[in-house]
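Engineer: Residue numbers (this note's numbering), protein chains in the order written: chain A, 1 to 331; chain B, 1 to 317; chain C, 1 to 440.
Check the hints yourself; a few may be wrong.
Said to hold, decoys possible - Listed next, the in silico DSS-like pairs over lysine-lysine satisfying Cα-Cα at most 25 Å (straight line):
id, chain 1, residue 1, chain 2, residue 2
1, C, K277, B, K56
2, B, K56, C, K197
3, C, K352, C, K226
4, A, K134, B, K304
5, C, K342, C, K352
What the hints contain is simulated information worked out from the structure, not anything from laboratory work.
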Amino acid sequence: MTKPRSENQVTSVTDTSTSILGKAAAQVTPAPLASRIRGMSDRTMAWLFITPTIALLLAINIFPLIWAIYLSFTNYRANRPNAAIEGVGLSNYSRVLNDPNIWQAMQTTAHFVFWTILLQTLIGFSLAYLIDRKFRGHAFWTTIILVPMMLSPAVVGNFWRFLYQPQIGLFNYVVSFLTGIPPSSFEMLGSVALSPWAIIIVDTWMWTPYVMLICLAGLRSIPDYIYEAAEVDRASLWRQFWSITLPMALPFIMLAILFRGIENFKMFDMVTLLTGGGPGSTTEVASITLKREAFESWRTGRASAFAIILFVAVFGLANIYVKALNKVKQR
Amino acid sequence: MSSLNSAHSVVEPGVMSRRIAATIVIAYAIITIIPLAWIFLTSFKSPPDSISYPPKIVFDPTLEGYCNLFTTRTRQTPEYIASLGAPTSICDEITRGRNMVIAGPSNYWPRFQNSLIIAFGSTFLAVSLGTLAAYGFSRFKVPLAEDLLFFILSTRMMPPIAVAIPIYLMYRKLGLSDTALGMILLYTAVNVSLAVWLLKGFIDEIPREYEEAAMIDGYTRMQAFFKVVLPQATTGIAATAIFCLIFAWNEYAFAVLLTSGAAQTAPPFIPTIIGEGGQDWPAVAAGTTIFLVPILVFTILLRKQLLRGITFGAVRK
Amino acid sequence: MQTIKQALLGATSALVLFMAPGLAKADELTLCWAAWDPANALVELSKDFTAKTGTQMKFEFVPWPNFADRILNELNAGGKLCDLLIGDSQWIGGSAENGYYVKLNDFFDKEGIKMSDFADAAVNAYSTWPKGTPNYWALPAMGDANAWFYRKDWFSKPEIQAEFKQKHGRDLAPPKTWDELKEVAEFFNGREIDGKKVYGAAIFTERASEGITMGASSALYSYGFKYENTPGKYDMEGAVNSPDAVAGLEAYKALYKCCTPPGYTDAYMSESLDAFKSGQVAMAMNWFAFFPGLYKDEKVGGDKIGFFVNPKEKVAASTLGGQGISVVANTDNMDGALAYIKWFAQPDVQKKWWSLGGYAVHKAVLSDPSFPESQPFAADFLVAMNQVQDFWQEPSYATLLQTMQKRLHDYVVADKGTAKEALDGLVKDWTEVFKDDGKL
Numbered sequence: 001m002t003k004p005r006s007e008n009q010v011t012s013v014t015d016t017s018t019s020i021l022g023k024a025a026a027q028v029t030p031a032p033l034a035s036r037i038r039g040m041s042d043r044t045m046a047w048l049f050i051t052p053t054i055a056l057l058l059a060i061n062i063f064p065l066i067w068a069i070y071l072s073f074t075n076y077r078a079n080r081p082n083a084a085i086e087g088v089g090l091s092n093y094s095r096v097l098n099d100p101n102i103w104q105a106m107q108t109t110a111h112f113v114f115w116t117i118l119l120q121t122l123i124g125f126s127l128a129y130l131i132d133r134k135f136r137g138h139a140f141w142t143t144i145i146l147v148p149m150m151l152s153p154a155v156v157g158n159f160w161r162f163l164y165q166p167q168i169g170l171f172n173y174v175v176s177f178l179t180g181i182p183p184s185s186f187e188m189l190g191s192v193a194l195s196p197w198a199i200i201i202v203d204t205w206m207w208t209p210y211v212m213l214i215c216l217a218g219l220r221s222i223p224d225y226i227y228e229a230a231e232v233d234r235a236s237l238w239r240q241f242w243s244i245t246l247p248m249a250l251p252f253i254m255l256a257i258l259f260r261g262i263e264n265f266k267m268f269d270m271v272t273l274l275t276g277g278g279p280g281s282t283t284e285v286a287s288i289t290l291k292r293e294a295f296e297s298w299r300t301g302r303a304s305a306f307a308i309i310l311f312v313a314v315f316g317l318a319n320i321y322v323k324a325l326n327k328v329k330q331r
Numbered sequence: 001m002s003s004l005n006s007a008h009s010v011v012e013p014g015v016m017s018r019r020i021a022a023t024i025v026i027a028y029a030i031i032t033i034i035p036l037a038w039i040f041l042t043s044f045k046s047p048p049d050s051i052s053y054p055p056k057i058v059f060d061p062t063l064e065g066y067c068n069l070f071t072t073r074t075r076q077t078p079e080y081i082a083s084l085g086a087p088t089s090i091c092d093e094i095t096r097g098r099n100m101v102i103a104g105p106s107n108y109w110p111r112f113q114n115s116l117i118i119a120f121g122s123t124f125l126a127v128s129l130g131t132l133a134a135y136g137f138s139r140f141k142v143p144l145a146e147d148l149l150f151f152i153l154s155t156r157m158m159p160p161i162a163v164a165i166p167i168y169l170m171y172r173k174l175g176l177s178d179t180a181l182g183m184i185l186l187y188t189a190v191n192v193s194l195a196v197w198l199l200k201g202f203i204d205e206i207p208r209e210y211e212e213a214a215m216i217d218g219y220t221r222m223q224a225f226f227k228v229v230l231p232q233a234t235t236g237i238a239a240t241a242i243f244c245l246i247f248a249w250n251e252y253a254f255a256v257l258l259t260s261g262a263a264q265t266a267p268p269f270i271p272t273i274i275g276e277g278g279q280d281w282p283a284v285a286a287g288t289t290i291f292l293v294p295i296l297v298f299t300i301l302l303r304k305q306l307l308r309g310i311t312f313g314a315v316r317k
Numbered sequence: 001m002q003t004i005k006q007a008l009l010g011a012t013s014a015l016v017l018f019m020a021p022g023l024a025k026a027d028e029l030t031l032c033w034a035a036w037d038p039a040n041a042l043v044e045l046s047k048d049f050t051a052k053t054g055t056q057m058k059f060e061f062v063p064w065p066n067f068a069d070r071i072l073n074e075l076n077a078g079g080k081l082c083d084l085l086i087g088d089s090q091w092i093g094g095s096a097e098n099g100y101y102v103k104l105n106d107f108f109d110k111e112g113i114k115m116s117d118f119a120d121a122a123v124n125a126y127s128t129w130p131k132g133t134p135n136y137w138a139l140p141a142m143g144d145a146n147a148w149f150y151r152k153d154w155f156s157k158p159e160i161q162a163e164f165k166q167k168h169g170r171d172l173a174p175p176k177t178w179d180e181l182k183e184v185a186e187f188f189n190g191r192e193i194d195g196k197k198v199y200g201a202a203i204f205t206e207r208a209s210e211g212i213t214m215g216a217s218s219a220l221y222s223y224g225f226k227y228e229n230t231p232g233k234y235d236m237e238g239a240v241n242s243p244d245a246v247a248g249l250e251a252y253k254a255l256y257k258c259c260t261p262p263g264y265t266d267a268y269m270s271e272s273l274d275a276f277k278s279g280q281v282a283m284a285m286n287w288f289a290f291f292p293g294l295y296k297d298e299k300v301g302g303d304k305i306g307f308f309v310n311p312k313e314k315v316a317a318s319t320l321g322g323q324g325i326s327v328v329a330n331t332d333n334m335d336g337a338l339a340y341i342k343w344f345a346q347p348d349v350q351k352k353w354w355s356l357g358g359y360a361v362h363k364a365v366l367s368d369p370s371f372p373e374s375q376p377f378a379a380d381f382l383v384a385m386n387q388v389q390d391f392w393q394e395p396s397y398a399t400l401l402q403t404m405q406k407r408l409h410d411y412v413v414a415d416k417g418t419a420k421e422a423l424d425g426l427v428k429d430w431t432e433v434f435k436d437d438g439k440l
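Let the hints inform the model, and build the full structure from the sequences given.
Structural biologist: Structure follows, in structure tokens:
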């Protein structure tokens with residue numbers, strides 16, 4: 001959703017993958033001399049240090065998750081606190097899975113995820129490649145490029161609504177200036193054909209720098225001596241790119257894709273403020289549908305079922321992807 | 001000559017390729033910054049200037065947007081306004097020029113304060129808890145450590161709306177709805193998994209020999225942690241703190257669903273700033289500018305730590 | 001170890017104390033309402049209450065597109081944000097059944113506040129649940145309906161009048177039917193006036209909250225749309241999707257397609273005002289609530305603006321707006337909140353409320369012989385309030401509204417399917433909701 005979150009996923013999935021790879025060497029603690037001599041035992045201290053975090057996560061993450069699973073089998077509605085809660089078996093799940101609106105939302109989400117990832121990877125990698133030329137002042141310009149991803153997608157997304165106004169907005173003005181199309185002849189947020197692209201443009205603007213950074217880390221991890229060897233073999237730049245740069249940076253690119261994929265699958269704030277899912281349901285991504293079910297219709301049971309389905313989908317897809325990633329890494 | 005020789009080398013890119021790279025990157029950077037520059041410019045426009053076509057780049061700057069951001073106003077007759085005394089402030093003067101009077105302060109400042117309290121409170125808690133847990137995982141043999149770490153992570157794949165449903169019900173029962181404490185606990189829980197992962201990496205890098213030496217010198221393990229490990233981990237803790245802070249500062253979905261006023265933060269509030277009639281874009285731009293400044297300052301001052309944090313996970317093997 | 005534990009405990013409890021929701025002071029009240037012109041007038045009016053009782057008033061105004069979402073969320077969460085709430089008419093059912101509002105009957109009896117002093121239609125719509133029974137959950141605060149305004153100065157230009165007469169064989173005047181409305185809108189659309197290209201009409205198309213439903217229902221009601229064949233039976237087939245209803249929805253879409261300014265794909269109250277105030281449109285729909293402000297506008301107000309009630313086609317009808325003021329059951333300052341209601345119900349305060357730009361529905365205001373002349377839109381307001389129709393007021397109204405928003409926006413703005421398909425789909429959606437509620 002926002003920068004730090006994706007960041008978390010960076011670490012998170014990396015570590016997941018390393019653990020799957022078994023690369024993370026288990027830390028075997030040598031029996032420390034000093035602690036046996038005096039003070040509390042390591043065991044006590046370990047639990048003292050870890051327990052608060054686990055307790056917090058149990059209280060704020062796991063307990064509610066179990067509650068949501070329970071609710072997904074009931075007809076509970078959060079706006080009818082006095083009504084009796086009845087079990088309805090799997091009917092919430094079957095209704096969600098048979099609801100054409102929800103499938104349409106999933107399709108919209110997929111479209112959004114696919115194009116944002118494609119654009120961000122292409123632009124982000126190209127930028128990283130160019131920045132890696134280490135021209136004078138590249139550090140400064142890199143910092144400038146990073147700025148959008150540090151900002152709140154909600155607050156900045158809201159302002160893009162202004163830039164996209166057909167009659168007064170800067171975006172339409174610039175397009176019209178460059179192409180000669182009258183600025184009020186197209187509506188980025190209001191037309192069925194353009195609105196999916198309006199949200200893709202803003203997301204790409206915000207998050208390309210993130211993909212760029214990870215790609216840059218990948219490029220910088222390639223040791224110079226490999227290129228030097230290629231120079232000796234008189235390999236062309238083109239060859240060097242395809243046989244050294246791209247394959248060696250690939251695991252990083254794939255990681256970036258994974259983090260962006262998870263984030264954009266969860267996309268809510270920016271799209272809510274730009275289009276609110278409109279026109280009609282053209283840009284209604286899954287999280288917006290879920291929000292409407294849960295916090296406007298207050299069909300809490302059904303919304304919980306949908307939430308669980310979404311969670312399982314992200315989790316499952318991410319794990320399949322991580323396996324593929326590990327294969328690439330092992331190569 | 002030597003530069004010509006290496007002209008084709010990726011290791012030492014040539015002058016031409018550097019120039020081309022610089023041109024494209026700088027062009028991209030400028031394009032990317034235009035929307036932000038536009039927010040800044042708009043915040044100093046008068047409402048008519050902000051919606052004029054073609055968009056105005058040169059205009060008479062005014063503080064009207066900032067005045068409107070911090071006040072609520074009512075329209076009054078010129079006679080009524082004339083009957084009032086002299087304007088008490090520059091905002092008062094500007095407002096009267098629009099045939100309005102200031103009715104009172106707006107809710108922007110309280111919301112901004114909520115943002116400060118919640119973002120810094122949750123960052124402090126998340127980093128504190130995260131440091132302890134990270135040290136625990138890094139130095140001790142914890143049963144099921146891998147599973148626990150994986151569990152900590154997997155909580156992050158849930159869409160925020162999905163998490164918000166049960167949290168909403170739970171907070172309603174506990175009376176934590178629309179309280180700063182509730183939001184701090186929630187953001188702490190979201191951030192702590194990030195903090196544990198980042199900090200475990202940083203602490204892993206600190207040689208354990210340091211502590212062992214300290215313990216041989218007579219420190220307890222606890223003393224060694226506070227006096228030896230913590231100072232060594234400062235950079236890592238700072239990098240982690242920035243990430244937690246940015247997340248909590250920018251968060252929208254939880255805030256819009258779980259707060260309504262008393263603990264509402266700025267991100268759900270800013271889009272609802274309206275003037276008389278439609279959205280008051282200069283005021284929105286002013287609110288956005290003020291809200292973005294702290295993050296911009298952080299980004300520029302602490303870019304090294306930020307970069308390290310972002311690429312940390314990916315680079316770590 | 002012990003010290004750390006104590007330190008942690010201390011820190012936690014300090015945090016709890018620090019964050020504990022500030023106990024509402026007895027001399028302070030928070031009133032929640034939508035952020036719009038009348039709310040600012042209420043701020044001005046409430047200064048008298050503060051002067052009289054010493055109670056400080058705080059206000060929480062939420063823009064309309066977020067209002068229902070946020071305040072219903074707050075009520076469901078059992079929050080303590082609002083002591084007093086001016087909530088939408090459709091919320092009464094749910095709020096009464098869940099006990100979110102205080103029932104005011106005993107209080108009214110004790111204080112001698114008589115509901116018969118207020119306009120009957122307003123009491124019925126804004127105060128009662130179940131509808132039409134003497135169970136009062138709110139005091140009518142603000143009467144409102146959807147209506148229209150137009151550029152009187154453009155309509156009265158001789159060359160425009162002549163051209164219109166030549167083209168349509170009648171005088172250019174505020175439209176009386178939807179057919180005329182479209183004719184006039186088409187006539188103005190694309191025309192150059194004062195060197196600027198103008199458009200026909202600004203109408204509601206907002207997707208997220210209630211905009212397009214409120215706008216389109218102004219056409220639907222006029223064309224003879226009904227929610228049920230038999231009131232109270234939820235038999236919607238043939239009513240919601242009747243040929244009249246289909247014609248009404250088609251008329252609304254035709255108006256949207258032909259005559260709205262570019263970019264008005266997600267427009268509600270504020271966009272309609274913007275379009276009109278910036279001189280882009282000849283006509284616009286909006287709630288009466290905004291008319292005092294429009295009339296005072298220095299650029300398009302005064303002589304330049306005229307008002308008309310929603311045109312009829314088969315039926316004379318207007319879409320109901322307006323709200324009652326309720327006491328939130330969760331308040332910590334019940335006495336203060338009730339004191340405010342008592343103060344607000346006084347005829348003098350109601351009169352001042354009207355003069356400041358609020359639509360009082362106290363009979364002392366409405367029946368005053370000078371009322372129809374008091375403002376250029378006052379007479380229209382009386383007409384409109386006598387022909388209002390409202391959306392479902394069921395406890396499930398939010399779901400019903402949301403499905404209608406989707407069906408209408410998909411058809412009108414996103415060009416999906418036909419009007420008949422949209423309304424057929426709506427019958428299907430609503431049937432499902434009522435089945436879930438056990439009403440079908």
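Engineer: Each hint: holds or not?
Structural biologist: These are the hints, each one checked on the structure:
Under the criterion of a C-alpha separation no larger than 25 Å, the hint pairing C/K277 with B/K56 is consistent with the structure, at around 20 Å. Proposed proximity of B/K56 and C/K197 is supported: the alpha carbons are some 20 Å apart, at most 25 Å. Proximity of C/K352 to C/K226 is assessed by CA-CA distance (about 37 Å); at most 25 Å being required, the pair is judged violated. Distance check on the hinted pair: A/K134 and B/K304 sit about 17 Å apart at the alpha-carbon level, within 25 Å; holds.
The suggested pairing of C/K342 with C/K352 holds, with an alpha-carbon distance near 15 Å, which does not exceed 25 Å.
Violation of the numbered hints given earlier is confined to hint 3; every other hint is satisfied by the structure.
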